[in-house]
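Using the sequences and the hints, build the whole thing.
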Amino acid sequence: MKQLGIFIKKEIYHILRDKRTLVILLGMPLALVLLFGFAITNEINNARIALVDLAQDELSQEISARLAASDYFTIEDQLPQVADIEPHFQKGKSKLVVVFPEQLQSNTRRGIPTSIQLIADATDPNTATTLINYAQAIIYSELQESTDNPKPPLHIQTEVKMLYNPRLKSVYMFVPGVMTVILMLVSAMMTSIAITREKELGTMEVLLVSPLRPPLIVIGKVIPYILLSLINTAVILMLGTFVFGMPVEGSLALLGLESLLFVVTSLGLGILISTRTESQQVAMLISLMALMLPTILLSGFIFPIESMPKLLQIISNIIPAKWFIIIIKNIMLKGTGFEFVWKETLILLGMMFLFIAASVRNFKIRLA
Amino acid sequence: MEYAISANGLTKKFGAFTAVNAITFNVKKGEIFGFLGANGAGKTTAMRMLNGLSRPTAGEAQVAGYDVYRETERIKQHIGYMSQKFSLYEDLTPKENIHFYGGIYGGSLSFLKQKSKELITELGMEAYANTLVKNIPLGWKQKLSFSIAIMHQPAIVFLDEPTGGVDPITRRQFWEMIYKVANEGMTVFVTTHYMDEAEYCDRVSIMVDGRIEALDSPGNLKKQFKAETMNDVFLKLTRP
Amino acid sequence: MNNTANISIKEVSKSYQDNIAALDQVSLEITAGELFGLIGPDGAGKTSLIRILATLLLPDEGVASLNGWDVRKDYRTIRSNIGYMPGRFSLYQDLSVEENLHFFATIFGTKVEENYDLIKDIYDQLAPFKKRRAGNLSGGMKQKLALCCALIHKPVVLLLDEPTTGVDPVSRKEFWDMLGRLKAKGITTLVSTPYMDEASLCDRVALIQKGRILDVGSPNEIIDKYKHPLLAVRTDDMYRLINDLRTFDFTHTVFPFGEYVHLSLIQTVWPEVIASYLLSKEHTGLDIQAVKPTIEDAFMELMI
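Protein chains in written order, with the numbering used here: chain A, 1 to 368; chain B, 1 to 240; chain C, 1 to 304.
The set of hints was computed from the structure by calculation and includes no laboratory data. Only true hints are included.
EDC-like cross-link-like pairs, simulated, lysine to aspartate or glutamate; straight-line CA separation at most 16 Å:
#	chain 1	residue 1	chain 2	residue 2
1	B	K226	B	D216
2	B	K180	C	D236
3	B	K134	C	D18
In structure tokens:
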């Protein structure tokens with residue numbers, strides 16, 4: 001026990017004294033979450049739009065007010081006529097123009113088919129589509145409320161209902177995703193580097209020629225990184241909740257335990273990598289290429305698994321991150337309990353034992 | 001007498017730390033000059049200044065007749081360098097190494113082809129010509145890297161611990177190669193902290209804490225310090 | 001207290017992937033309490049042999065044991081009872097002197113205080129730097145710390161792989177002084193080195209080259225086996241001297257040897273004969289003297 005104690009202490013010294021790596025380890029989650037949260041989202045906040053109000057009646061005023069009131073839009077300008085739209089776009093002043101036709105209110109009341117025109121700057125098609133969708137939804141709901149007619153007379157006939165993420169906030173997607181990537185990175189890459197570093201510096205030689213048993217060496221290496229990973233988990237969750245308003249509907253304890261499971265699974269992978277590699281550089285490359293990329297690309301973090309080719313869908317099953325993302329999304333967004341994620345948990349548990357067993361088998365008690 | 005290297009008050013400071021403290025010495029043409037000192041005595045820093053890799057803080061020096069401040073590129077053209085550790089590319093064959101280094105100094109392809117054949121025959125290593133350098137015994141590697149270092153006929157060749165860890169016979173073959181080029185007029189500048197390597201030099205200087213504390217032939221130094229070997233000379237000089 | 005460990009190596013062979021034999025049928029017996037030197041150039045097989053004894057490598061063939069413990073079967077016992085210093089500095093550079101020592105004491109299940117008397121001499125020199133990170137120590141200091149760490153659990157056998165390589169002459173001398181004092185405490189020590197001149201500091205040595213043991217014995221025994229008359233010769237033109245001596249009728253070998261050339265003869269020849277031969281070749285500054293062979297002369301004789 002004393003031996004394990006001193007080993008962990010030594011490991012913590014290594015981590016604390018390598019200031020640069022420590023800053024990266026603790027700063028990375030912060031940077032990534034903020035980056036995804038503010039920059040790389042496809043969500044729109046306060047997009048500038050312009051109006052051409054040819055109707056100038058009560059309905060057009062109400063719709064305008066509603067558009068202005070939403071978080072999505074800021075009304076930049078009122079244009080007097082349709083001919084002004086193009087110069088307006090060319091100046092890049094706004095991304096979307098809403099044109100209310102003449103006699104909007106009276107035509108609507110009388111049931112004469114009328115169109116509100118939405119003209120978007122489609123140089124950025126994704127943004128344009130999103131803006132149109134938002135605007136449609138707002139106009140539609142206003143029309144529904146202002147007329148008694150359950151069937152709105154407009155041609156806009158979309159009905160979308162988003163479950164669990166009603167406002168389609170991408171923050172709900174990236175917090176679990178970033179958490180998964182960070183945990184994978186810290187756990188797998190850092191442990192594999194930590195062990196290969198001892199090989200490279202020759203200290204592993206001295207450790208082997210000591211009464212220390214291999215499992216003890218491995219456990220001693222792993223525990224500090226478990227702690228570090230749990231700190232990162234907490235930081236990401238807090239950022240998600242307090243900065244981006246991400247809900248945690250389910251049990252926090254369950255979430256913690258599942259994270260621990262994923263961390264240990266990743267650590268197992270890291271150790272497995274380190275048992276097969278001799279240098280830090282190779283360990284890092286393998287961690288990056290074999291773990292990071294699949295984790296980002298095939299876990300459903302960025303690209304939905306359902307829309308991948310069949311082969312990739314099958315491959316995605318062996319990515320631990322895929323299962324972890326399913327689990328934490330269930331817990332955080334749906335608020336489900338263990339009864340809904342036991343299958344995924346079991347799969348992760350299986351992977352964990354597999355990795356640890358393989359690592360112990362592969363751990364060399366001698367050189368070469 | 002024209003000198004191959006002459007240094008006068010050559011100094012290098014890093015902040016408040018003086019790595020090389022006003023060293024003055026001359027190396028004659030065709031001389032085998034040993035540049036000794038413990039780790040951290042300032043040998044490497046001094047050699048870098050002479051190689052034109054590091055600008056002196058004060059003092060002056062000429063290497064192969066060129067100034068170490070203004071003519072560093074000229075210097076690089078007229079010196080050769082060999083270190084025990086990093087001279088050859090381990091994943092290339094001897095032939096490829098010769099081609100590469102010869103190419104750096106601007107040899108034409110036909111010249112290089114002929115030269116590599118010549119060198120390999122001269123060294124008697126035809127059997128290894130197409131083997132990767134990492135699979136060649138250490139002794140051969142050293143002879144090869146020395147030959148490559150002098151391939152462009154430099155005026156001075158700098159050798160950094162050239163024979164540490166080599167078997168005694170190979171080591172002597174190596175010194176014979178050095179004697180041969182020195183005999184032909186090339187100046188050989190050996191930095192080392194292996195004192196038995198120092199015994200082979202015509203003259204040696206011993207650096208302690210950035211200064212040259214002794215400079216003479218090994219025989220005279222041994223007499224001066226009443227010592228049996230250069231190792232004892234060094235011990236007497238550096239032990240407080 | 002078990003201080004009578006002896007090392008026994010019988011016909012041990014080891015080769016790596018490239019099929020070049022690192023060790024070829026090596027047999028050695030090292031007596032308890034001996035300071036034994038394994039002397040040979042880089043690549044001779046010194047490290048492989050020490051690693052086999054340290055249970056870090058398995059021999060392909062042959063058996064080896066320390067204190068009766070077999071290197072295959074009893075590797076755990078061996079690991080708890082030997083001190084091992086690998087060829088390169090293998091302590092934690094980001095831990096302080098003190099922390100390193102404490103770490104190694106603890107993983108061997110002991111305390112620094114328990115065997116302090118064993119390392120006291122050495123540690124006293126390190127004590128002023130005990131808070132300093134190991135990575136910032138000078139080469140000689142690093143080796144001293146590594147030796148302390150290898151000794152802290154009072155091993156019965158000490159295996160040192162090239163502890164003095166790359167270390168300056170002063171530290172080298174100090175290191176050997178320490179090994180001498182440890183010998184007085186009865187620790188069996190096997191030390192490898194490429195420096196021929198260190199042979200004289202050992203009780204017995206084995207000369208090793210290309211995976212084979214060339215000779216074993218006390219330094220004097222090995223030198224006594226050298227039968228050729230040996231002369232040290234120098235003139236003003238060393239390069240020509242070497243070539244001229246090679247063509248001399250009674251020459252056995254000619255090797256440059258520092259400021260002199262060592263000339264070994266196939267039979268005793270009056271120095272005057274050699275002198276007149278060299279004078280006939282127009283050499284000046286002649287200096288010829290009979291010398292006692294060194295370990296290096298013996299080594300070269302065994303190599304050819």
